[in-house]
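Asker: Spelled out from the first residue to the last, the chains are:
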Amino acid sequence: MANQSGSVYGLTILSPICYDKTAETSHNCAIRMKLAAMPRDEFSPFAKVSSTHLARLVVMDDVVYVGAPSCEEHLKSQYLIFETNFDGDLDTYLSRMAREIPEEVDAVWQHCWGYPGVKNVDAFIAYMKKCQVTTTFFFADVNNKTVQQTLIALQTQAAVAEFVEHAQGLSPSELQKSFASFLVKLRGAPPPVPGRPGAGGPPRIETKMKWASKNLAASMAGGAQ
Amino acid sequence: MSKLDATDIQGFVLRGYGLPFARYMFLEIADVQRGRRFIGSLLGQITTGEHWDAGKPEWTLNIAFTHKGLVNLNLPDASLLTFPVEFIQGMKARGEILGDTGRNGPERWDAVWKDGRVDVWVAVNSKNKETLEERCADLIRLTSETGGAKLLGSQDAGAFLIDGQWSPKEHFGYTDGFGNPDFLGVKRNTQPGQGKLLSDGSWAPLATGELLLGYADEAGELPVAPVPHLLAINGSFMVYRKLHQNVATFRRYLEEKGTLYAGGKEKLAAKLIGRWRDGTPVELSPDAPDQQVVKDKQRNVNFTFGNDLNGARCPVGAHIRRTNPRDAFGFNGQLINRRRITRRGLPYGPYVPESEPARDDGEHGIIFMALNASLFRQFEFVQQQWVEYGNDARLGNDKDMLMGNHEGHDRYTIQGSEDPRNPPFVCGDLPNFVELRGGDYFFLPSMTALRMIVAGTVDPR
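So the protein sequences, as listed, match chains Y and U.
Following this note's numbering, the numbering of the first sequence begins with 1 at its first residue and continues without gaps.
Following this note's numbering, the numbering of the second sequence begins with 1 at its first residue and continues without gaps.
Hints are computed from structural coordinates only; laboratory data are not their basis.
The model shown is predicted, which means the values in this text are computed figures rather than measured ones.
Worth double-checking, as some hints may not be accurate.
[What the hints assert, rightly or not] On the chain Y side, residues computed to face chain U include the following (Cβ under 10 angstroms): (1) Gln157; (2) Glu165; (3) Gln168.
[To be verified] Some chain U residues well away from chain Y (every beta-carbon gap over 10 angstroms; in silico): (4) Asp110; (5) Ser285; (6) Arg411; (7) Phe425; (8) Val426.
[Unchecked claim] Far from chain U, some chain Y residues (derived; all Cβ distances over 10 angstroms): (9) Glu24; (10) Asp89; (11) Val133; (12) Val164.
Glycine included, every Cβ here is placed at the ideal spot set by N, Cα and C.
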């Protein structure tokens with residue numbers, strides 16, 4: 001089960017890219033243009049397929065000849081490489097791709113040999129599986145947590161760190177009271193949105209600042225003490 | 001190991017002079033021929049790494065160039081293009097990588113660094129103020145006699161005179177200047193704890209190529225260097241950064257958090273840096289400063305963090321642990337051997353004793369200069385990954401408490417232990433204690449390379 005690392009599935013797809021010498025824009029160039037325009041932040045199509053940990057699309061041209069004494073070799077075609085790590089099983093993920101981001105999938109894969117389109121989900125799944133290569137290595141940071149678990153863990157970590165900072169110096173009874181109300185707030189916090197890791201971190205949960213220090217950064221502007 | 005020719009290497013690269021007065025002069029080359037003549041007139045005065053038979057000299061002189069300086073001295077394009085990219089770009093262009101934005105951004109730099117006109121850095125160090133003035137006046141005279149260079153500005157720096165003694169302290173009250181690494185072939189009074197950690201727990205000098213161009217580095221490779229080889233060998237790259245210190249903010253912060261931290265103010269100060277303010281490493285003496293340790297050269301830089309991975313003694317994010325993690329990342333410290341820098345530097349501006357009110361504004365801070373074979377792999381890595389980021393130390397986005405560009409956010413965690421005298425503590429609302437006021441990347445050529453530059457005989461073919 002080299003495609004599986006704990007609960008995370010690592011999918012590797014190599015789809016041969018069409019070659020058409022009569023095309024005005026080669027399929028290879030068309031894919032590159034599509035990929036270049038694809039958002040890489042929370043607006044990435046793969047953010048919509050919310051079980052995605054990470055996804056990567058690359059065009060592989062050929063074996064680069066580096067000069068003698070190496071021998072010159074070539075691939076039979078160019079390939080679209082698709083790498084993704086996600087939660088759950090392969091069929092569910094591929095059918096989510098077909099149903100949730102059909103236009104984006106079609107726009108890229110229409111340039112690949114034998115691509116049947118996403119309308120017939122079963123045919124799409126069968127095609128992708130035919131192009132599948134066994135994943136042997138995972139991104140080093142892959143652990144056995146789902147996207148949701150990871151996001152909630154990050155949210156909790158940030159909230160707890162903030163709570164600890166502002167709860168220092170409280171008496172045991174104050175601390176207990178404060179922690180109880182913090183827990184209620186934390187549990188009631190809206191779940192984090194997938195695909196937004198860079199957007200200022202997980203949502204902050206306001207805690208009561210018991211002895212919040214003066215805003216030193218603001219007072220610095222004053223200069224002299 | 002190659003034998004080093006110390007007389008071909010600028011002394012500033014090989015040793016900290018320990019002279020109390022310094023002036024850094026920033027010049028613009030006026031004209032190729034006259035500029036070469038000016039530099040030629042300095043050649044005989046430049047301090048090399050030659051052994052000081054008769055003790056410390058009265059003064060020293062060293063010289064370095066920005067890439068623009070080398071362009072203005074008309075080095076061949078085929079040489080100029082072979083310098084490392086970060087040096088060609090200069091420090092200002094690297095601002096996003098270095099965290100030199102916001103309060104550290106170029107719009108807040110001194111005028112001399114704003115418009116990128118500096119070609120040459122000339123440093124004079126001296127035993128006394130009169131000699132410094134004489135040497136500098138002589139330099140100015142040479143610039144006008146040769147018509148080769150124009151003084152754009154200068155920066156004075158110097159050790160503090162405290163109770164009639166030259167002090168190694170800086171403005172925040174810490175004893176500075178410990179822990180420069182040892183390098184193969186560089187003669188020096190070696191101390192255990194410098195250099196690199198070996199698997200048997202002993203210390204050995206780092207490869208020469210971590211400091212000087214033209215020699216094998218820790219990976220057994222030659223550092224990226226310009227052609228011809230003769231232009232590069234025995235040279236080094238230097239970063240110059242003028243770091244303003246918000247002394248009032250620092251003292252106020254320490255005072256305020258010190259009353260909340262059960263260990264008290266001085267222990268808090270120690271936990272921020274990893275050394276008590278008198279220089280005692282907290283790793284060796286976590287409960288109190290100990291002058292015995294500070295004075296003992298067998299001990300004052302001789303420690304590791306391998307038995308303190310949780311940061312109970314020295315916090316994981318303490319300044320000296322971040323910037324020189326020793327064995328904290330495992331693998332006997334091998335992950336850090338290509339990230340070591342050699343620091344030179346002195347404070348500038350008057351020292352304000354703790355008993356007197358300090359200010360944030362005004363001219364006071366530290367002139368930070370670091371030498372390395374690769375600005376990209378050494379200084380820039382340390383600044384980007386270990387100062388402005390915390391992932392390698394498993395501290396997420398946390399930045400170096402002292403040096404970080406916090407902008408009022410961020411927090412610093414003192415891990416502590418279950419011992420009530422050593423409690424955990426979180427410092428929040430971090431202001432910028434240190435702010436950048438400018439600087440650049442410089443190349444310090446060997447004496448041979450300087451002579452070639454003066455003669456116009458740098459030949460890349």
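Asker: Next step is simple, just say for each hint if it's right about the structure.
Answerer: Taking the hints in turn, this is what the structure says about them:
1. Annotation: Gln157 of chain Y was flagged as interfacial toward chain U, and the flag holds, the nearest CB pair being 8 angstroms apart, inside 10 angstroms.
2. Evaluation of the Glu165 of chain Y hint against chain U yields a held restraint, the C-beta minimum of about 4 angstroms falling below 10 angstroms.
3. With a cut of 10 angstroms, the hint placing Gln168 of chain Y at the interface with chain U holds, because the nearest CB-to-CB distance is about 6 angstroms.
4. Asp110 of chain U, annotated as away from the interface, keeps every beta carbon of chain Y farther than 10 angstroms; the closest lies near 17 angstroms.
5. Separation of Ser285 of chain U from chain Y is adequate, the least Cβ-Cβ distance of about 25 angstroms exceeding the 10 angstroms criterion.
6. The claim that Arg411 of chain U is not at the interface with chain Y is violated, since a C-beta of that chain comes within 10 angstroms of its own (minimum 6 angstroms).
7. Not every beta carbon of chain Y lies more than 10 angstroms from that of Phe425 of chain U, the smallest distance being close to 7 angstroms; the non-interface claim is violated.
8. Distance check on Val426 of chain U: its Cβ comes as close as 4 angstroms (rounded) to a Cβ of chain Y, failing to clear the 10 angstroms threshold; non-interface status is violated.
9. The Cβ of Glu24 of chain Y lies farther than 10 angstroms from every Cβ of chain U, with a closest approach of about 38 angstroms, so its non-interface assignment holds.
10. With a minimum CB-CB distance of about 32 angstroms to chain U, Asp89 of chain Y clears the 10 angstroms threshold, and the non-interface call stands.
11. For Val133 of chain Y, the requirement that its beta carbon stay farther than 10 angstroms from each beta carbon of chain U is met, with the minimum near 31 angstroms.
12. Not every CB of chain U lies more than 10 angstroms from the CB of Val164 of chain Y, the least distance being 6 angstroms, so the non-interface label is violated.
Of the hints listed earlier, those the structure fails to meet are numbers 6, 7, 8, 12, in rising order.
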